[in-house]
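Below are the chains, spelled out letter by letter.
Protein chains: 2
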Amino acid sequence: MEQANFVRIFEVGPRDGLQNEKNPLTPQLKAELVNRLAAAGLRHIESGSFVSPKWVPQMANSDEVFQLIERRGGTIYSALTPNLKGYQLARAAQADEVAVFAAASETFSQKNINCSIEESLDRFRPLMEAAQQDGIPVRGYISCVLGCPYEGAVDPSRVAELAASLIAMGCYEVSLGDTIGVGTPNKAARLIQAVSGLVDTKRLAVHFHDTYGQAIANIYACLEEGVRCVDSSVAGLGGCPYAPGAGGNVATEDVVYLLQGCGYETGVDLNLLSECGHWISLQLNRPTGSKVATALNGQCARQ
Amino acid sequence: MEQANFVRIFEVGPRDGLQNEKNPLTPQLKAELVNRLAAAGLRHIESGSFVSPKWVPQMANSDEVFQLIERRGGTIYSALTPNLKGYQLARAAQADEVAVFAAASETFSQKNINCSIEESLDRFRPLMEAAQQDGIPVRGYISCVLGCPYEGAVDPSRVAELAASLIAMGCYEVSLGDTIGVGTPNKAARLIQAVSGLVDTKRLAVHFHDTYGQAIANIYACLEEGVRCVDSSVAGLGGCPYAPGAGGNVATEDVVYLLQGCGYETGVDLNLLSECGHWISLQLNRPTGSKVATALNGQCARQ
Chain F
1 MEQANFVRIF EVGPRDGLQN EKNPLTPQLK AELVNRLAAA GLRHIESGSF
51 VSPKWVPQMA NSDEVFQLIE RRGGTIYSAL TPNLKGYQLA RAAQADEVAV
101 FAAASETFSQ KNINCSIEES LDRFRPLMEA AQQDGIPVRG YISCVLGCPY
151 EGAVDPSRVA ELAASLIAMG CYEVSLGDTI GVGTPNKAAR LIQAVSGLVD
201 TKRLAVHFHD TYGQAIANIY ACLEEGVRCV DSSVAGLGGC PYAPGAGGNV
251 ATEDVVYLLQ GCGYETGVDL NLLSECGHWI SLQLNRPTGS KVATALNGQC
301 ARQ
Chain C
1 MEQANFVRIF EVGPRDGLQN EKNPLTPQLK AELVNRLAAA GLRHIESGSF
51 VSPKWVPQMA NSDEVFQLIE RRGGTIYSAL TPNLKGYQLA RAAQADEVAV
101 FAAASETFSQ KNINCSIEES LDRFRPLMEA AQQDGIPVRG YISCVLGCPY
151 EGAVDPSRVA ELAASLIAMG CYEVSLGDTI GVGTPNKAAR LIQAVSGLVD
201 TKRLAVHFHD TYGQAIANIY ACLEEGVRCV DSSVAGLGGC PYAPGAGGNV
251 ATEDVVYLLQ GCGYETGVDL NLLSECGHWI SLQLNRPTGS KVATALNGQC
301 ARQ
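Sequence order for the protein chains is F and C.
So the first sequence is residues 1 to 303, counted in our numbering.
So the second sequence is residues 1 to 303, counted in our numbering.
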C-alpha cells in the first residue's frame, strides 16, 4: 500500500467530528460508524478519546465504543490521550494506537489544556515511555499551526521546532492542524517547507478545517510539497450546526475525490464512504457537510 | 490596477447565479444586487442576459435591470448574448460589454444551444462584427472544459483550439468553465498548460463550479499557472437549493479570501461583499453558499 502515489487518510470523524456535534450518540451507533468507515476502506480510524468526561462529555463512553467495535484486520483503531492516565484507559480498551496533542500557540495551550507548551510535553513523557514499553505507536497533534484565535499568525519555525520535539519524544508522525481554518494554500505550502527542514516529510500529516472554504486547496498544496497523510472527517462531522458544510473538519468524501482525481491511491471506496456519511448525518439529524456526497446523492445532478 | 499580483474577479452572480435560483427577483432587487456588488469593489459584473425568455425566464427583465443600475465609473456592466439579436438588445440596454458562449463538447452544444460547436461560432460572427464596429468588447465562454455530462472527459487540446478560435474571432478574453464541477487541481493545471500553448494566459479566465468541493483548489492551481482572472458568484448564487453551499458557482467571498491570503490584490472589500451576500441570500430565502461569509458572520466562531 505504501507506493509513492498512496495517500493515507486518517479518519477523525468518530472522535474530532462527534466531539463537536450537538446531538449525542449511543456507544452502539458510534461503534457502527467506526465499523462502516472500516468497511469503506479506511485503515486509520480515531475511534475515541480518553480525556476527562468533565471536559469532553461527548467522549465519556469511548471505552464502551472500543468494546463494541468489530475489529477488522489491517485497520488501526486509535484513541486520543492527554496523559498517562488516559493512555492506561486507552490500553485497557485495547486501542491499537494513541495520540497526544500540543498547541503551537502558548495562549491557546493555556486556554485549551491549561498548561504551557513545555508543560504539555512534560505531561507526555511518562505516556511516551509506557507506550514504547508496550509497543504502542503514538501520534502527535499540533494545533493552531497556521493561526491562533488569541495570538493571530503563528511562526512556521515554532511549529517546526515543536514537531521536531514530538518526533524526538517518540511520536511516529505529527499531524499539523489548522484548528481555526484560517490558512490558505500558499501559507500551507510554506509551513510544510519549514517543518520539513527539521522533520522528514514522510512523518507529517495535515489536518485542515474548512472554516473559510480553503481546506481542499490547502491539502492540494501540501500534497505538492510531498505530504502523504491527510486527516479528515466523514460527512464533515464537527462542522458548524448552524451552517451545513461549514466550519469543521474537511469532509473525507471531498478529500478522497481530490486524491482520486489527482491520481493517488487511497484504498477507500467512495460510494461506501458516501453511504456511511449519509447514514451518520441521518443519525445526527444534520445535512452532510460533504459536497461530493451531496452530488453523488443526485440532489444536484443538474449542476 | 494591472500590477502582476492583481487578480480580476468577474462577478457572475446577477446572471449565472440568479439564472439558477428557484425564487425570482424583481428588476429593482436585481439592480440593487448589482449596485451593492459595485460598491464592494467589483469592477466586472455580468448583470443580465439577452437570450430568449422562452429558454431563460429568470432573465426576461434584463433590459429593466440595466435601466435601473446606478452606473459607477470604472465598473463594467456586461450581458450574455447568444446571437446578433441578443447583442442588439444588450446594446439598446447600454451594456458595456457582451459575452458569447460555446461548449467544448459536441453533445452538450447540441443539447444546450441546439447546434454544433462550429454552428455556434457561425452564429457569433455577425455579433462579433457589429460589436467591433461599435467598439464593444466581447468575452467568450467555453463550457464543459473539464468534463461533459454526456461525453465524460474532454480533451484539453479541443478546448485550446476552441479558445483560439474565439480569440481569433475577436474575443478579448476566454473564460474556461468547468460546468459540472468535476475537475481537480491537477487537471485544471494541465488544461491551462494546454490552452496557453495557443492563447496568451493573460487572455484566460477560469470559471469553476463547486459541485464536488474542488473549486477553490482548482482556482489556486490555475493561479499557479499564471491565470489572473477568476469568475465567481456572490454567496455562491446558483448553488443547489437542496444543499446550501453545494453545486453551483464558487462563492466570490471564498475566492477573495483565497486571493487575499495568497497576497493578491483584488480591489474588493470582503466585509462589504459578505454583507451583500447575506442581503441577497435573505432576498432569495436561502442560506449563503459562502463559508467565508458564514464564518465572518460569527455563527461558527467556535470553529
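There could be a bad hint or two in this list.
The list makes no distinction among identical chains, and a pair is therefore deemed to hold if it is satisfied within one copy or across any two copies.
[Unchecked claim] For lysine to any residue, the following SDA-like pairs were computed, each having C-alpha atoms within a straight-line distance of at most 25 Å: (1) Lys54 / Phe6; (2) Lys202 / Gln132; (3) Lys202 / Arg36; (4) Lys202 / Asn186; (5) Lys85 / Gln67; (6) Lys22 / Ala168; (7) Lys54 / Asp200; (8) Lys22 / Arg286; (9) Lys22 / Gly197; (10) Lys85 / Asn5.
No wet-lab data here; the hints were simulated from the structure.
Remember, it's a predicted structure, so these values are computed and weren't measured experimentally.
**Prompt:** For Lys202 vs Gln132, is the C-alpha pair at or below 25 Å within one copy, between two copies, both, or neither?
**Reply:** within (21 Å within a copy, 57 Å between copies)
**Request:** Measure nothing new, just compare the shortest in-copy and cross-copy C-alpha distances for Lys202 and Arg36 to 25 Å and report within, between, both or neither.
**Result:** Neither: 28 Å inside a chain and 48 Å across chains, both beyond 25 Å.
**Request:** Could you place Lys202 and Asn186 in one of the four classes (within, between, both, neither) given a Cα distance threshold of 25 Å?
**Result:** Both: 20 Å inside a chain and 21 Å across chains, each within 25 Å.
**Message:** Checking an output row: Lys85 and Asn5, CA cutoff 25 Å. Within, between, both or neither?
**Reply:** neither (38 Å within a copy, 53 Å between copies)
**Alpha-carbon proximity context of Lys22 and Ala168, limit 25 Å** = Neither, since 37 Å and 57 Å both go past 25 Å.
**Prompt:** For the identical chains here, do Lys22 and Arg286 meet the 25 Å Cα criterion within one copy, between copies, both, or neither?
**Reply:** both (10 Å within a copy, 23 Å between copies)
**Request:** Check Lys22 against Gly197 for me: Cα-Cα at most 25 Å, and say if that holds within a copy, between copies, both or neither.
**Result:** neither (40 Å within a copy, 52 Å between copies)
**Message:** Regarding Lys85 and Gln67, is the shortest C-alpha distance of 25 Å or less found within a copy, between copies, in both, or in neither?
**Reply:** Answer is within; shortest intra-copy Cα gap is 19 Å, inter-copy 71 Å.
**Prompt:** How would you label the pair Lys54, Asp200 (within, between, both, or neither) given a Cα cut-off of 25 Å?
**Reply:** neither (37 Å within a copy, 61 Å between copies)
**Item:** Homo-oligomer pair classification [Phe6, Lys54; C-alpha up to 25 Å]
**Value:** neither (39 Å within a copy, 50 Å between copies)
Of the hints listed earlier, those the structure fails to meet are numbers 1, 3, 6, 7, 9, 10, in rising order.
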